[in-house]
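From first to last, the protein sequence lines are chains S and W.
Those letters in the first sequence? Residues 9 to 381, by my numbering.
Those letters in the second sequence? Residues 2 to 166, by my numbering.
Keep in mind that the hints were calculated from the coordinates and are not lab data.
Cβ atoms here follow ideal geometry from the backbone N, Cα and C, with glycine treated the same way.
Among these hints, one or two may not hold up.
Stated by the list, open to error - Capping the alpha-carbon separation at 30 Å, the derived lysine-lysine pairs in DSBU-like fashion look like this: (1) S:Lys164 with W:Lys28; (2) W:Lys56 with S:Lys287; (3) W:Lys36 with S:Lys118; (4) S:Lys169 with W:Lys28; (5) S:Lys200 with W:Lys164; (6) S:Lys287 with W:Lys6; (7) W:Lys47 with S:Lys197; (8) S:Lys191 with W:Lys6; (9) S:Lys51 with S:Lys118; (10) S:Lys169 with W:Lys119; (11) S:Lys197 with W:Lys56; (12) S:Lys197 with W:Lys6; (13) S:Lys254 with W:Lys28; (14) W:Lys47 with S:Lys200; (15) W:Lys111 with S:Lys173; (16) W:Lys149 with W:Lys139; (17) W:Lys149 with W:Lys111; (18) S:Lys191 with S:Lys258; (19) S:Lys200 with S:Lys254; (20) S:Lys164 with W:Lys139; (21) W:Lys47 with W:Lys36; (22) W:Lys36 with S:Lys173; (23) W:Lys119 with S:Lys200; (24) S:Lys51 with W:Lys6; (25) W:Lys47 with S:Lys164; (26) W:Lys111 with S:Lys191; (27) S:Lys169 with W:Lys47; (28) W:Lys139 with S:Lys163; (29) W:Lys86 with W:Lys119; (30) W:Lys119 with W:Lys88; (31) W:Lys105 with S:Lys169; (32) W:Lys111 with W:Lys139; (33) W:Lys36 with S:Lys191; (34) S:Lys173 with W:Lys47; (35) S:Lys118 with S:Lys163.
Stated by the list, open to error - Just a sample of chain S residues kept apart from chain W, beta carbon distances all over 12 Å, derived: (36) Gly97; (37) Gly127; (38) Ala199; (39) Ile267; (40) Val331.
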Amino acid sequence: MKHAMNIFQRLMLSLIAISFAVCPAMASEEAANAGEDKSIDPKEIIFDHLGDAYGWEVPFNHHVRIPLPVIVWGSKGLHVFSSANVEHGATYNHPDGTSYRIAGEDSDYKGKVVEIINGEEHRPTDLSITKNVFAVFISVFVCLWLILGLAAFHKKENGHKAPRKFTGAVESLVSFIYDGVIKPTLGVKAAKFAPYLLTVFVFIFVMNILGLIVVFPGGANLTGNIAVTMTLAICTFIFTNLFATKHYWKEILWPDVPIWLKCPLPIMQVIEIFGIFTKPAALTVRLFANMMGGHMIVLVLTLLIFIFAAIGGAAVGGATVIVSVLFSVFMLLIDVLVSFIQAYVFTMLSTIFIALAQEEGHHEKGAHADIEA
Amino acid sequence: MELFKPDFGLVFWMFVSFVVLFVILWKWGWPAILKGVSSRADLIDKGVEYAQSAKQQLDNARDEAAKILEEARRQQADSLREADKMKTQIIEEARDAAQQEARKVMDAAKVSIEQERKQAELQFRNEVSTFALEIAGKVVRGQMTDQKAQAKLVDSLLDEMEKQN
Numbered sequence: 009m010k011h012a013m014n015i016f017q018r019l020m021l022s023l024i025a026i027s028f029a030v031c032p033a034m035a036s037e038e039a040a041n042a043g044e045d046k047s048i049d050p051k052e053i054i055f056d057h058l059g060d061a062y063g064w065e066v067p068f069n070h071h072v073r074i075p076l077p078v079i080v081w082g083s084k085g086l087h088v089f090s091s092a093n094v095e096h097g098a099t100y101n102h103p104d105g106t107s108y109r110i111a112g113e114d115s116d117y118k119g120k121v122v123e124i125i126n127g128e129e130h131r132p133t134d135l136s137i138t139k140n141v142f143a144v145f146i147s148v149f150v151c152l153w154l155i156l157g158l159a160a161f162h163k164k165e166n167g168h169k170a171p172r173k174f175t176g177a178v179e180s181l182v183s184f185i186y187d188g189v190i191k192p193t194l195g196v197k198a199a200k201f202a203p204y205l206l207t208v209f210v211f212i213f214v215m216n217i218l219g220l221i222v223v224f225p226g227g228a229n230l231t232g233n234i235a236v237t238m239t240l241a242i243c244t245f246i247f248t249n250l251f252a253t254k255h256y257w258k259e260i261l262w263p264d265v266p267i268w269l270k271c272p273l274p275i276m277q278v279i280e281i282f283g284i285f286t287k288p289a290a291l292t293v294r295l296f297a298n299m300m301g302g303h304m305i306v307l308v309l310t311l312l313i314f315i316f317a318a319i320g321g322a323a324v325g326g327a328t329v330i331v332s333v334l335f336s337v338f339m340l341l342i343d344v345l346v347s348f349i350q351a352y353v354f355t356m357l358s359t360i361f362i363a364l365a366q367e368e369g370h371h372e373k374g375a376h377a378d379i380e381a
Numbered sequence: 002m003e004l005f006k007p008d009f010g011l012v013f014w015m016f017v018s019f020v021v022l023f024v025i026l027w028k029w030g031w032p033a034i035l036k037g038v039s040s041r042a043d044l045i046d047k048g049v050e051y052a053q054s055a056k057q058q059l060d061n062a063r064d065e066a067a068k069i070l071e072e073a074r075r076q077q078a079d080s081l082r083e084a085d086k087m088k089t090q091i092i093e094e095a096r097d098a099a100q101q102e103a104r105k106v107m108d109a110a111k112v113s114i115e116q117e118r119k120q121a122e123l124q125f126r127n128e129v130s131t132f133a134l135e136i137a138g139k140v141v142r143g144q145m146t147d148q149k150a151q152a153k154l155v156d157s158l159l160d161e162m163e164k165q166n
């Protein structure tokens, strides 16, 4: 007990010491970066961190970024160049006469690569490997490593041995979803949809966790980006409606309600069809908002240090450091939990939506039996 | 705000990545895992079933053994009782035989004793008669000269004695 206390105390002390040592340096850089007037714009910083970028930041440095390929389809066809060419407002002039740059603060395309044609900014078709895209690739590789590793184990042992340690943890995660969510909800059809649902779960979980790691392989706010969650929700939408039963479509187009609710005015049909699209929309927004919220809280807690330092000077800023860091650590730990819960919820809702589209009209048969009886 | 506008490039790459990931895991990932897990579950079920049946068999065998032991004990008791009975019977029979034999011997002895006695009696009578005759002869010699008349007298006397007996 005493030993544990010692470790805890030492940890706290070193945490505070590091905060004091690092934060002034960061603060000065932030201030330098924010502009000459040394005031900070919290909104700008928060959305900068939550958003996408053409390069990947490295810790403690705002000038060096890991360059990533920019792929654009402009007025003269496909162009591929390093993002280092357009960093810090530079303009990239291609040998064929086209020039590209990242649009500035006051542009409609702020922060995006634009082509400059006759002094005007035009947005080309942009398929760049941005920070988020690269993070997606990393997530894919992590997922493949996790799952193919487990699959290799099972191929080798063929059920004669249970995996231990890390492989065992991955398996328990998979089993938790398969036995706890997919099987009870889908029943006999579990095996058919399990590959999709398990992929979704593992992918979201890996993206969530990688998003919480603040340095290079992580730190991209992926699941807090509406494009990512929307793509996943559209996949669920496709799976739900592509494999839907006749009964499901009948319930939408001719539901079991009094005739005046569906005949002259298709009220029920409108509601039901609307419902098809609200389901993926709910999936999109739920995951997006939860993950973005978690990231935003940590960012705000960190920014509080600089805001208070700007108002009350070093002493107040220093005191805020302790409080903010403790709260940030606490929030990040909660975010680890949220990462799991949100991946779980997305998978569970997808499973339920798919299961609802797999109903075979048992109710109708039951109703008939009642009438006959 | 940029955050709420899905970016086409990201949607495109996300979709491509997800489809690739899904196809790879669908082909080489999940089936192997789910099959492995379920075959392991089957193996465990089978193991438990086997253990249960083995236990059942063991219990049965134990019951069987107890039954056999009980049977053996009963048989032992039975045979002991049987043996005891036989022993008693044999002793009884032996005793009977011995008694019969003894009676036979005794009877034979009785008969021979009777014979002996009769013989002895006869001998004794003859001897007595001889003695008596001698005595009487000695006694009567003086009185009687005619030996024939004397013997006739004695004989008649002896016949009388015998009749009296």
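Hints and how they fare:
1. S:Lys164 with W:Lys28: holds (17 Å)
2. W:Lys56 with S:Lys287: With Cα atoms ~54 Å apart, lysine 56 (chain W) and lysine 287 (chain S) exceed 30 Å; violated.
3. W:Lys36 with S:Lys118: The hint is violated at about 50 Å.
4. S:Lys169 with W:Lys28: At roughly 23 Å apart (the allowed maximum being 30 Å), lysine 28 (chain W) and lysine 169 (chain S) satisfy the hint.
5. S:Lys200 with W:Lys164: violated (140 Å)
6. S:Lys287 with W:Lys6: Holds, because 19 Å separates the two Cα atoms, which is no more than 30 Å.
7. W:Lys47 with S:Lys197: holds (25 Å)
8. S:Lys191 with W:Lys6: Cα-Cα ~36 Å, so violated.
9. S:Lys51 with S:Lys118: holds (15 Å)
10. S:Lys169 with W:Lys119: violated (114 Å)
11. S:Lys197 with W:Lys56: violated (37 Å)
12. S:Lys197 with W:Lys6: violated (36 Å)
13. S:Lys254 with W:Lys28: holds (28 Å)
14. W:Lys47 with S:Lys200: Holds - the C-alpha atoms of lysine 200 (chain S) and lysine 47 (chain W) are around 26 Å apart, at most 30 Å.
15. W:Lys111 with S:Lys173: violated (111 Å)
16. W:Lys149 with W:Lys139: Given that 30 Å is the threshold and the Cα spacing comes to 14 Å, the pair holds.
17. W:Lys149 with W:Lys111: Distance of about 41 Å is beyond 30 Å: violated.
18. S:Lys191 with S:Lys258: Cα-Cα ~26 Å, so holds.
19. S:Lys200 with S:Lys254: holds (18 Å)
20. S:Lys164 with W:Lys139: violated (146 Å)
21. W:Lys47 with W:Lys36: holds (16 Å)
22. W:Lys36 with S:Lys173: Holds, because 20 Å separates the two Cα atoms, which is no more than 30 Å.
23. W:Lys119 with S:Lys200: Roughly 129 Å separates the two Cα atoms, so the pair is violated.
24. S:Lys51 with W:Lys6: holds (17 Å)
25. W:Lys47 with S:Lys164: holds (20 Å)
26. W:Lys111 with S:Lys191: At roughly 112 Å apart (the allowed maximum being 30 Å), lysine 191 (chain S) and lysine 111 (chain W) break the hint.
27. S:Lys169 with W:Lys47: Cα-Cα ~14 Å, so holds.
28. W:Lys139 with S:Lys163: It is violated: about 148 Å lies between the C-alpha atoms, which goes past 30 Å.
29. W:Lys86 with W:Lys119: violated (48 Å)
30. W:Lys119 with W:Lys88: violated (45 Å)
31. W:Lys105 with S:Lys169: violated (93 Å)
32. W:Lys111 with W:Lys139: Since the Cα atoms of lysine 111 (chain W) and lysine 139 (chain W) sit roughly 39 Å apart, the hinted pair is violated (cutoff 30 Å).
33. W:Lys36 with S:Lys191: This hinted pair holds, its Cα atoms lying about 14 Å apart.
34. S:Lys173 with W:Lys47: Holds, at about 25 Å.
35. S:Lys118 with S:Lys163: Outside the cut-off at roughly 50 Å; violated.
36. Gly97: Label holds. Min Cβ-Cβ 18 Å, cutoff 12 Å.
37. Gly127: At about 24 Å from chain W, glycine 127 (chain S) clears the 12 Å cut-off, so the statement holds.
38. Ala199: At about 7 Å from chain W, alanine 199 (chain S) fails to clear the 12 Å cut-off, so the statement is violated.
39. Ile267: holds (41 Å)
40. Val331: Consistent with the label, valine 331 (chain S) stays out of reach of chain W, its closest Cβ about 27 Å off (over 12 Å).
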